[in-house]
Amino acid sequence: MADVSHVSRGPLEGLIVCPVCDATYQLQRPKNGERAVCGRCHKVLIAPRRKAGVQIIAVAVAVVVLIIAASVFPFLSISAAGRSNAVSILDAALTFTEGPMLVLALLTAGFIIFVPLLRMLLTMYVLIPVVLDRPPARHAIRAFRLSEAMRPWSMAEIFALGCAVALVKVADLATVSFGPAFWMFGVLVVLVIVQDGFLCKWSVWNSLEHPKRQ
Amino acid sequence: MELSGTSEKTVTARAAGLVACTRCTRAWPIETQVCGRCGAKLVSRDENSLQRVWALWIVGLMCYVPANVYPMLRTQQLFQVDESTIIGGAVDLAHYGAFGIATIILVASVVIPLGKFWAIAFLAVSVRSGRGFASHHRLLMYEVVEYIGRWSMIDIFVVAILSALVQLQGLASITPGPAAFFFALSVIFTMLSAQAFDPRMIWDAQADDDEAL
Ligand SMILES: [Zn+2]
Ligand SMILES: [Zn+2]
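Chains A and B, in that order, are what the protein sequence lines are.
Counting from 0, one number per residue, gives the positions in the first sequence under numbering that gives the first Met the number 0.
Counting from 0, one number per residue, gives the positions in the second sequence under numbering that gives the first Met the number 0.
Among the hints, erroneous ones may be present.
Using C-beta positions, here's what the derived DEER-type ranges look like [said to hold, decoys possible]: (1) A:D132 x B:Q194: 54 to 60 Å; (2) A:A57 x B:H136: 37 to 43 Å; (3) A:P134 x B:P65: 50 to 56 Å; (4) B:L170 x A:I127: 31 to 37 Å; (5) B:T102 x A:A80: 29 to 35 Å; (6) A:V186 x B:D91: 28 to 34 Å; (7) A:V64 x B:Q76: 36 to 42 Å; (8) B:D91 x A:V102: 25 to 31 Å; (9) A:V64 x B:V68: 23 to 29 Å.
Chain B stretches covered by chain A per the calculated footprint, using a threshold of three residues with CB under 8 Å from any CB of chain A [unchecked claim]: (10) 9-22; (11) 181-195.
The hints are simulated quantities; they were obtained by calculation from the structure and are not laboratory data.
Note that this is a predicted model, so its numbers are computed, not measured.
Even glycine gets a Cβ: it sits at the ideal position worked out from N, Cα and C.
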């Protein structure tokens, strides 16, 4: 049996447990820009950054605007022998419309538009009071929980690679041109990935638990 | 920086009489039911998780079969109608010389899903029997399953884009086939299956291995 005395001493608040491997550590907050990594399974446990809150909010605002714009404006258009067709991302998502395909349409629209959008809105809702040193918003904990649960279902970046594949598939059938939404969506994917790197979950939970000490 | 003193043997929360919140990493006394910080349900080891893993795994596999049998795309060009399955579509692409794209489709639609079924089954069996690979291999597999599995969805998005875009009246049109529906369900259920898995059991199995040595 391992010696646990160095762990069980002191208040539980001073501990951090790795969610992947259950290893327990005395909490040592890393400096901004540094990372606390689980020594057993190498999961990143804490990764605070300076001004991360403000940056995340700024990116979230940009992403919300881009998602709305990219869903409405034409995204790709093709033409062949005088006939042409332009579609928006919303059109692409809602293409499955018959019978069980409708379920698929709703799922696709959810994965590429609504889940990313909702995640950004929830992130702003949770982080804006934290950044302003205000007490947490009502239900902020539930909001952040929902946002984290939706993380794997936010698939904008996968959709972007899907576009590339689709383009090659139609290339010999017709001429394809990019609409404004295509470029917006490209920027959006980069922003979503960048933002994921900024967000330190532990810091958010900690500031929701101790709003004043932040 | 690492949190641990590496010379010290790691202590699990369970061994210290604690239960960890896997959502927010807070520690609580072992009898605590709900995390006081984030409200998550606390379970030291989710013993029932394997049942959920297997149930979702089976549904995912059952959806994967029709996903490969039925056509994924129905292409209509003038008077000619082509139906292609997932693998058939990739083979066609390779015929046109688009090897890169054919590879992406094959990897996302065949290699990743099958690898994922195998990896989840392997993990679920190996934490029970406590034998198998060293746990860093198991962990690597767990991470692959967690982060790569969602990329299988790419084929569904390709079908969605193509069907919306290629609607040139009388000239060419593409419509989705029933396989798209089953394939999407298969990806969703395997993602849920992987999420149901409690990775802490991998490390318990490893700790048992170490003690047996
Ligand atoms: Zn760990
Ligand atoms: Zn918690």
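*Would you check chain A against the segment 181-195 of chain B, counting CB to CB pairs closer than 8 Å, and say if three or more residues qualify?*
The restraint on the segment 181-195 of chain B holds, since 4 of its residues have a Cβ under 8 Å from chain A and three suffice.
_Just to be sure I understand the hint, the distance between the Cβ atoms of V64 of chain A and V68 of chain B should be within 23 to 29 Å; is that true here?_
43 Å, violated
*May I ask you to test the hint 37 to 43 Å on the CB atoms belonging to A57 of chain A and H136 of chain B?*
41 Å, holds
*Does the Cβ-Cβ separation between L170 of chain B and I127 of chain A fall within 31 to 37 Å?*
51 Å, violated
*Is it true that V186 of chain A and D91 of chain B lie within 28 to 34 Å of each other by Cβ?*
Given range 28 to 34 Å: holds, Cβ gap about 33 Å.
*Hint says 25 to 31 Å; check whether the CB-CB distance for D91 of chain B and V102 of chain A agrees.*
This hint holds: roughly 28 Å between Cβ atoms.
_Supplied distance hint 36 to 42 Å, evaluated on CB atoms of V64 of chain A and Q76 of chain B_ = Roughly 39 Å apart at Cβ, these two residues keep to the hinted range, so it holds.
*Outcome, coverage hint (the segment 9-22 of chain B, chain A; C-beta under 8 Å; three residues)*: holds (count 13)
*Are T102 of chain B and A80 of chain A spaced within 29 to 35 Å by their CB atoms?*
Since the Cβ atoms of T102 of chain B and A80 of chain A sit about 31 Å apart, the hinted range of 29 to 35 Å holds.
*Should the hint that P134 of chain A and P65 of chain B are 50 to 56 Å apart at their CB atoms be regarded as holding?*
52 Å, holds
*Is the gap between the beta carbons of D132 of chain A and Q194 of chain B within 54 to 60 Å?*
With a Cβ separation near 35 Å, D132 of chain A and Q194 of chain B fall outside 54 to 60 Å, so the hint is violated.
Against the hints set out earlier in the document, violations occur for numbers 1, 4 and 9.
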